[in-house]
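Student: Here is how the chains run, residue by residue.
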Amino acid sequence: MKPGYGERMKAQATLGELAVLVGGKVEGDGSLPIRGIASLEEAGEGEITFVAEIKHSRRLEKTRASAAIVPANLPSFPKPLIRTLNPYLAYAKVQAFFQQKPFSPRGVDSRAFIGGGVKIGREVSIYPFVHVGKGSEIGDRAVLYPGVYLGESVRVGEGSVLYPNVVVMDCCVVGKRVILHPGTVIGSDGFGFARDGAKFVKIPQVGIVVIEDDVEIGANCAVDRAAMGKTWIKRGVKTDNLIQIGHNVTVGEDTVIVAQVGIAGSTEIGNRVALGGQVGVVGHIKIGDGAMIGAQAGVGQDVAPGQILSGSPAFPHREWLRAQAAFQKLPEMKRILADLEKRMKQIEEAISKKDES
Amino acid sequence: MKPGYGERMKAQATLGELAVLVGGKVEGDGSLPIRGIASLEEAGEGEITFVAEIKHSRRLEKTRASAAIVPANLPSFPKPLIRTLNPYLAYAKVQAFFQQKPFSPRGVDSRAFIGGGVKIGREVSIYPFVHVGKGSEIGDRAVLYPGVYLGESVRVGEGSVLYPNVVVMDCCVVGKRVILHPGTVIGSDGFGFARDGAKFVKIPQVGIVVIEDDVEIGANCAVDRAAMGKTWIKRGVKTDNLIQIGHNVTVGEDTVIVAQVGIAGSTEIGNRVALGGQVGVVGHIKIGDGAMIGAQAGVGQDVAPGQILSGSPAFPHREWLRAQAAFQKLPEMKRILADLEKRMKQIEEAISKKDES
Amino acid sequence: MKPGYGERMKAQATLGELAVLVGGKVEGDGSLPIRGIASLEEAGEGEITFVAEIKHSRRLEKTRASAAIVPANLPSFPKPLIRTLNPYLAYAKVQAFFQQKPFSPRGVDSRAFIGGGVKIGREVSIYPFVHVGKGSEIGDRAVLYPGVYLGESVRVGEGSVLYPNVVVMDCCVVGKRVILHPGTVIGSDGFGFARDGAKFVKIPQVGIVVIEDDVEIGANCAVDRAAMGKTWIKRGVKTDNLIQIGHNVTVGEDTVIVAQVGIAGSTEIGNRVALGGQVGVVGHIKIGDGAMIGAQAGVGQDVAPGQILSGSPAFPHREWLRAQAAFQKLPEMKRILADLEKRMKQIEEAISKKDES
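Residue numbers (the working numbering), protein chains in the order written: chain U, 1 to 357; chain R, 358 to 714; chain Z, 715 to 1071.
In isolation and in its complexed conformation, chain U is listed as follows (with noise of 0.2 Å):
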C-alpha cells in the first residue's frame, strides 16, 4: 500500500479530461483511463506520470508510467502525452484532483470546548480538545483539529484548516481557505518594553493579527500580534516552518517566506516577495514588490521593488557572489600585498640611491 493522506476518493479520470483540467494537450489516446500520479521512478501501469522540465525529459525513457504531462516544447515521445506551458503546475492540479477525499464534516465534538456567544457555520469539524473562545465565529466546513485554541472573538472563514495545536489569540481574523500548520501561534503579545531605569516594563500589546485569504503558514510559526493596529499578513502568502513575523509587521500580497525567518517589528514586505530561509529583516523598514532576498541574508534597510540581495548585511546579489568569491582568496590577497609593499619599498630605496648618486 502506497501511503496518503487518509481515505481518498479513488477518483479516475482520461487522459483528455485531465488534459482538459489543467488546460492541456493530448497526444495520443484521450480516453486511456488514469488513476494515480507518481514519480517518474515510482509511476507504474495506469498512473500518468510528469516531466516539469525539458533538460529531463531522457528520464522518461525509463518510466512504466502509462502516460507523462510533458513540456509543451517536448520532441515527439512514444507514449500517450499532455503537453503543457506549466507542467509542474498540471502535476499540482492533477495530483490535487486525486487526492479528493470524500467531504464529511465531523460536526462538534462533545469534547470541545465552545465558549458563549460562539457562531459556528454549517458542515464544520470540530475536534475533541478544542477551545472555542467566547463570542468566537468558525465559517462554514472550516476544520479546527485536536489542541486547537481560539480565544475570545476570534474570527475564522469559510474553509480554513487549523491543524493540531494551533493557537489564534483574542480578536484576531484568520480569512478563508486558510491553513495553520500545527503547533504555530497566532497574536501573541508583540516584544515590547519601556525602559525604567534597568528595568522593564511591559507595553500592552492590544493591537490585532489580521491573516487574509488563501495564506498558508507552516508549523511552530509566530506572528504576533500589534503593538495598535494590525499585523497583517495578506492574500495569498505562504510561509514555511519556524518563522517568526514581529508586531504591525505587514507581508504584502503573494509573498513567499521560507523556513526560519525573522521579521521585526513595524516593516512592511511588498507583494510577490521572496525571503530565503533563515533571512533576518530588521524593523521598520520597507521591501518593495518583488524583491528577493538570498537565504541567511540580514537585510538592515530598505530595498527597492525588483531587487536581488544577498549577505548579512545585504546587498546586490551579483556584487556579494563577487566579494563572497574574493573573501575566500583574502589570505592569499593579504600575502601579495605584503609582498608588493615590500617590493615597493626596494624600489623606493633603490630609486632614492641612484637620485643621491
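If you're looking for bench data, these hints aren't it; they were derived computationally from the structure. Do not take every clue at face value.
Stated by the list, open to error - To give a feel for the contact side, a few chain U residues facing chain R, derived at Cβ under 7 Å:
#: 1; residue: PHE129
#: 2; residue: TYR149
#: 3; residue: SER188
#: 4; residue: PHE200
#: 5; residue: PRO204
#: 6; residue: SER312
#: 7; residue: ARG322
#: 8; residue: ALA323
#: 9; residue: LEU340
Beta carbons are placed, not taken as given, at the ideal position from N, Cα and C, and that holds for glycine.
Dock chains R and Z against the given chain U, drawing on the hints supplied.
Tutor: Same frame as chain U, but now just chains R and Z:
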C-alpha cells in the same frame, strides 16, 4: 469597534490623574476627562496620544486627540499636555491603565486534569484540557490556559500566566508574575550524548529550569533543563519568540533576547545584556553585564562587560562596520591589487634593464 | 532536596558493580556502596563523581565525593577510582542507572480520544487529552503525554516516548525507542507550490515521514512530510530544538543536528554528519558521511565525506579561519592598498621623467 484583548474595564481618568500615574507634569486643564490612548493618527476626541521623541513633534499638529504625552522639553503646543522625561514609559503605563480588565478568576475547570497532592492557590484560572502533574503547586491568581501541561512537582508562582499549549516539565520552577507565551517549552531535555563508538548514548538530564520573577518568554521557545543543577533565567529577563536556551545556561537580570536567538549549553549571560535577532552563542562562555550583540552575530568566545559586537564570528561593532564596508569593495580591491602587481613587475623589469645597460 | 525527574528507584550499587556496568577497572575498595553520581562540586559522601579529561584532574582534589570515574591514564590518586577509556560515557551509564524509575504504565486514560481500529500494545501510557486517529498502531510500553496528536494510520514503535503536544500527522511512522520532545511536529506539509501567474497553487504533499529506531528529536521542531515518497530520519539521529527538516530530506544514521538548523527539501545528509547550531542547508544537495559543518554556516552545494566546512557560503574550515582573520584586517588592507597605489604612481612618474630627461 476597535479590537482589544477581551472585555476591558472601560476605565476613565482625568488628565491630572494620568499625570500622577506617570510622574509627569500637566500643562493645561488637569480636569479634562480621558477615556483611552491611541496613536497620533488614530486617536480621537476624548483620547490622549503620545510623542516619544521631540523629532516627531510635528506629527502632533494633525492629531485629533484631546491631549498628548510629550517629552519634557517640547516647545509650547496648543493642546493639554503631560510632559515627562520618558514618554514611551508613560505610554506603557497609560495603556496598561486603560487595558485593565475586571479580575474574574475562572477557578479550576472540571475538564482539567489535576494530579494527586497538587496545591492550588486562591483565585486561579485553570482552563479545560490543562494537565497539572502530581505534587505541583500553583500560586494565587495564576492563569493556566487550555493545553498547558505541567509535569510532576512543578511550581508556578503568584500571578503568572501560562498561555495555551505551554509545557513545563517535571520539577521546574516558574516564579511570580512570569508570562510564558503560547507553545513555549520549559524543561525539555538538554542536548547531551556520550559517544560509544559510532553511536550516541543519552546522558540523563536530571537538572531543572528555574525561571525567576517578572520574566517574560515569547511564543514557541525552548528552554532545556540542566544536565545536573539548573538552567537559570533570572529576574526580569524578556525574550522574544522562537529562542533556544541550552542546558545549564544562566541568563542574567533584565537581559533582553530578540527572536530566534540560540544559546548553547553552560554559557553565562550577564545582567542587562541585549542579544539581537538570530544571534548564536556557543557553549561554555561568559558574556559580561551590559554587552550588546548585533543581529545574526555568532559569539564564539567570552565577551567583556559593555562590549558591542557584530559579525560571525563576532568582533567589536565599529571595526565590523568598517570591515563590512571594505568587504563590499573586495572585488575592486582585488582588481587594484592585480593591477599593482603587473605595474610592479614592469617597473622592476625597467629598473633591472637600466641596471644592465 | 535535590531536584530530579519524578520518583526514582533509589538504586544503590557497589563501586565494583558500577565498574562492571561501565566496563572500567576498580582501584581501591570495590565493595564501597555508592548511592548516586554528581558533579565534582556537588557530590558528597556516598556519591561518585567523574573527571572527563585528564586536564581537569586537579579539580578532583577538592571534591567531597567518595569515589571518582577517571580517565584510564590518570596518575595515582588517594580515592577509590573507576578507570575507563571513556569517562563521559561511563558517567552517562551510571547516571542512567541511578535515574531508573519504577516502571508503572498508566494504561489508556479515559479522557484520551482513541479512534476506530486503533491497535494498542501492552503496558502503554496514554495520558488525558491525547488524540489517536483511526487505524493507528501504538507499540508496547510507548508513552503518549497529554496533548499528543496522532493522525490516521500513524505507527509508533515499542518504547517510544512522545512528550506533551507532539503532533504526528497521518500515515507517518515512528520507530522503536524514539524520543520526541514537547511541541515537535512530524509530518506537516512540505513547502511546495506551483506558480500560476502571480499566484501560487498548493502541491498536495502525499508522502510521509519515516523516523527509524533510537532517534531523538528536540522540542518545537518541524519535520515535513514528503511531496511523494518519504522524508527519512535514519537510526540513531539526534537533534536539538527548533530544527526544520524539509520534505523528502534524508538524514543518515547517527547524524547529530544542533539547535535551529534548517535543511531544505530533497537534500541527503549522510551518516555520522554533525551540523552546528543555526546551520542552513539548501535543497537538492548531498552531504557526505562524517562531514562537519560549523555553526551558522550556509551550505549551498555538495559536501564530500569527511569535509569540515564553515562560513556562509561554506568552504573548508581551515581556509575560512584564515579568511576570517584577514576579514578583520580589511580596513587596514584597504588603507595599505591605497597607499601603495599612490606610491606606485609617484614611482611611475619619476621613472617616466628620467626616461624623458
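Student: Which hints, by number, does the structure contradict?
Tutor: The structure breaks none of the hints.
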